[in-house]
Amino acid sequence: MAVFMQSFLSGILIGGVYALIGIGLTLIFGVMRIINFGHGDILMVGMYLTYVLFTWLHIDPFVSVLITFPLMFLFGGFLQKVFINRVLHAVAQNQILLTIGLGLVMSNTAMLIFTSDYKILTTSYSSSTLQVGGGVTVSTPLLISFAITAAVTAALYWFLLKTDTGQAIRATAQDREAAQLMGINVKRMSILAFGLGSALAGTAGALISPTYYIFPQVGGGFTLKAFVITVLGGMGSVVGATLGGILIGITESLSAVYISSGWKDVVVFVLFLLVLLFRPSGLMGKSRT
Amino acid sequence: MANPVLKPVAGILVLGALFALPRFVDSPYALHMMILLFMSISQGQSWNILGGYAGQHSVGHAAYFGVGAYTTMMLMHAQQVAPWLGAWAGVGMVAVVALAIGSICFRLRGPYFVLASIAVAEILRLSAINLTGLTNGAEGILATDLPPFKIGATVITDFSTKVPFYHAGLALALATITITYGVQHSKLGYFLQAIREDQDAAHSLGIPISRYKNIALVLSAALTSLAGSFYGVYVGFVDPPTVLGLDVSVQIMLICIIGGMGTLWGPVLGSLVLVPLSEALRSNLITEALVKAGVVNADSRTGLFLKENLSHAHVLLYGVLVVLVILFMPDGLMGFFRKLASRRQREAV
Amino acid sequence: MAILEIHKISKFFGGLAANSDVSFSVEQGAIMGLIGPNGAGKTTLFNCITGYYPPSRGDILFDGQRMNGLEPDKVCMLGMVRTWQKVRPLPKLSVVDNVMVGALARTSSLKTARALAMEQLKVVRLEHRAGFLAGGLPIGERKKLEVARALATQPKLLLLDEVMGGLNPAESEEIIQLILDIKARGLTQMVIEHDMKAIMRISDRIVVLTSGEKLMEGPPQEVVSNPEVISAYLGESHA
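Chains as they are written, first to last, in my numbering: chain C, 1 to 289; chain Z, 1 to 349; chain H, 1 to 239.
If you are wondering where the hints come from, they were derived from the structure by calculation, not from laboratory data. Where hints are given, some of them may not hold.
Calculated lysine-lysine pairs in the PhoX-like style (CA-CA distance at most 25 Å, straight line) [as the list claims (entries may be wrong)]:
#1 H:92 - H:111
#2 C:119 - Z:307
#3 H:122 - Z:187
#4 H:74 - H:111
#5 C:81 - C:187
#6 Z:187 - H:111
#7 Z:339 - H:92
#8 H:92 - Z:187
#9 H:111 - Z:7
#10 H:122 - H:92
#11 Z:187 - H:156
#12 C:162 - C:187
#13 H:74 - Z:187
Just chain C, same shape as in the assembly (with noise of 0.2 Å):
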């Protein structure tokens, strides 16, 4: 039992932090309809950002997190200004194609700059745990992270409900074209959840630092992992993404478990083309018929 709870804390607390991820894609394709395959790349780069910050300017991880996404959020931003924004009206294919190529041009910058050695971020609470009772224990750093987490989610859900720029990012993820009639500036608004959403890719990027290797290549299971969460909660749901990174987070702790930790991502792979396939609108959204 102490096993089981153990998995299933430590689940939760990684799923916080994929839930981040999968609200920063669900929310770029809520405003754009645009399936970013560059996502873990971004993630990716808010990795060596932090790197970069630790080793050489010594600022913890954590803290790093208020220039990390300051900076992320404007690299977000370039990205739909510069090249996103130019295959809006394109067909599906060369969106999907244009992410891909960027997340290619991000992932081999990085190997160019720092090679392709695994990076080790060390801080004093690294291998750190905490006694939680009944033998259960977690992970210090995951637990800032998760904290942190929370804090950052809750303040997204803030934004997107209580301001006035929150509502336009909504309304124009319900209906572009209304929104644009209305007055609302959908480029801007793009730009914006581009933005956003490389934001929280980049914090769940720093975030992570501490407890992952860090190295050029690792993005690509972090999107293929987004996709995972942003399926099972419902395309373009912030609540969905939020719920679906958490039962993600869980699924793969326990089955590195109770199965065995090489499978874990075949069973999370496994779930996703069943959820595709049956769900298609989303465990938690409304059935297609």
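Got chain C sorted already, so can you dock chains Z and H onto it with the hints?
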């Protein structure tokens, strides 16, 4: 070409020259480049049938490339089955895999199809890593001892040079081009293009959508599998990332995007651009040329940096090319040339 | 003799009825007009008949065969083909290739298909556009292309969904002549149309739908003079 005699004659001359090339060129490096070119054409042409003609943009073709390569290599390594027989077992395996994938993925459209195709390829890659008993896991399979190729009792070749690989690669590339030509000039090709252009309209015109999508998928997958088997045997080694990785899927697709999807010569053009460029980067030809031209000093910091890193840059180049092509010539080189030609026509009028 | 019999067709989306208990039959060789205000369920009915949605209730009999739940391609092969209200050319194929796709439903020979396609292009007077890309045609010609492509599948019943929508009077007149030509060749047609004058001229009988139900059915003269029909239409134009 306006002259109806000139075209076939030119074709036969080019073909003859290609087959005879190893008699005049004995540089293994040149032959290696040609073999890579043939393989790239075969890969691109195979993807083209499903992605270019039927409009189903699979980003999971590594699944078929890898399963073909693995089947052939496993049979050769464990059972001493000659690869030219094992490759057909690979095709059989891949046909089964493709039909299974088709039954899942073809229920989905657009981006969902793309996502599902990636997921399936990833499941296969992870399985290859985890099923160590069958695939030797992450270490991969090394099998370089090829039995001699005989017809009757006559030994045709013992594979001691690159020449037999050259001819096998050429034959494979020609076969894929011929098959694509056949598809394009048949009911199948018309139906696939109709599905690509508008699935609902195609359905109303009497086209059984899922049957034709599955035909395109199995054909495309079987040819990709042959390319995979050829790759495995030529290199003598397969492991999960090199034959089942997402990069492989992207690279296969890229050949068609650069050349022009849904055109007969698109994958050939794409390969002619991609293979030399990425090889030049991989083998440091560019750095050497820069050094030779006196642009950089070989021992300077820049020179060393280029030498060390430019060889990894070929994937970066893929990325840059995709971005440029999508933004500036979304119909690939073929589309670009067509546009030029029609502009010239209009100016002439 | 009726070639198409619709028996109490209903189609529900969620709890909403897009069609409820619609029944009528179409005589061999006739033109049946289908009219009604926007949202009356005309296109839904076409979709049910041609296999895009299975009807929730009721039966569709075509040429004596029950059609419910057949896929659109089977429906086409049995001899019913439709055009689309919002035209759906295959934009990157040439005009003649578009029509060939239709012709290939009945033959595997490209040569035969091409000959048949050229024939249909002549019927709709589009043969001079054969080599053009379908995506580049103006709307009037795209509408004709739809008809030619549908005819190329060699149907027994042609369902036309607002082929005159968005056309200028001269173009509409051409389409009216085309429909009458097709009738003269003995082909049965069912036509959804908004233009009352046009539908009065071409139809042998008319079915009026409002809010998913059949309001009435009869020859054109009877339909125009029916007070309920007039109020349904006036109601729409005053709304």
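Starting from residue 339 (chain Z), check that the Cα of residue 92 (chain H) is at most 25 Å away, please. 14 Å, holds
Just to be careful, I want the Cα atoms of residue 187 (chain Z) and residue 156 (chain H) compared with a cutoff of 25 Å; is the pair within it? 23 Å, holds
Residue 74 (chain H) and residue 187 (chain Z): Cα distance at most 25 Å? 17 Å, holds
For residue 187 (chain Z) and residue 111 (chain H), compute the direct alpha-carbon distance and say whether it is at most 25 Å. 11 Å, holds
Would you mind confirming whether the straight-line C-alpha gap from residue 81 (chain C) to residue 187 (chain C) stays at or under 25 Å? Holds - the C-alpha atoms of residue 187 (chain C) and residue 81 (chain C) are around 9 Å apart, at most 25 Å.
Taking only the CA atoms, is the gap from residue 111 (chain H) to residue 7 (chain Z) under or equal to 25 Å? 22 Å, holds
Given the hinted pair residue 122 (chain H) and residue 92 (chain H), is their Cα-Cα distance within 25 Å? 21 Å, holds
For the pair we were handed, residue 162 (chain C) and residue 187 (chain C), check the Cα-Cα distance against 25 Å. 21 Å, holds
Just to be careful, I want the Cα atoms of residue 122 (chain H) and residue 187 (chain Z) compared with a cutoff of 25 Å; is the pair within it? Since the Cα atoms of residue 122 (chain H) and residue 187 (chain Z) sit roughly 22 Å apart, the hinted pair holds (cutoff 25 Å).
Is residue 92 (chain H) close enough to residue 111 (chain H), meaning Cα to Cα at most 25 Å? Judged against 25 Å, a Cα distance of about 21 Å means the pair holds.
Holds or violated: residue 119 (chain C) and residue 307 (chain Z), Cα atoms, limit 25 Å. With Cα atoms ~23 Å apart, residue 119 (chain C) and residue 307 (chain Z) stay inside 25 Å; holds.
Is the straight-line distance between the alpha-carbon of residue 92 (chain H) and that of residue 187 (chain Z) 25 Å or less? 17 Å, holds
No hint from the list above goes unmet by this structure.
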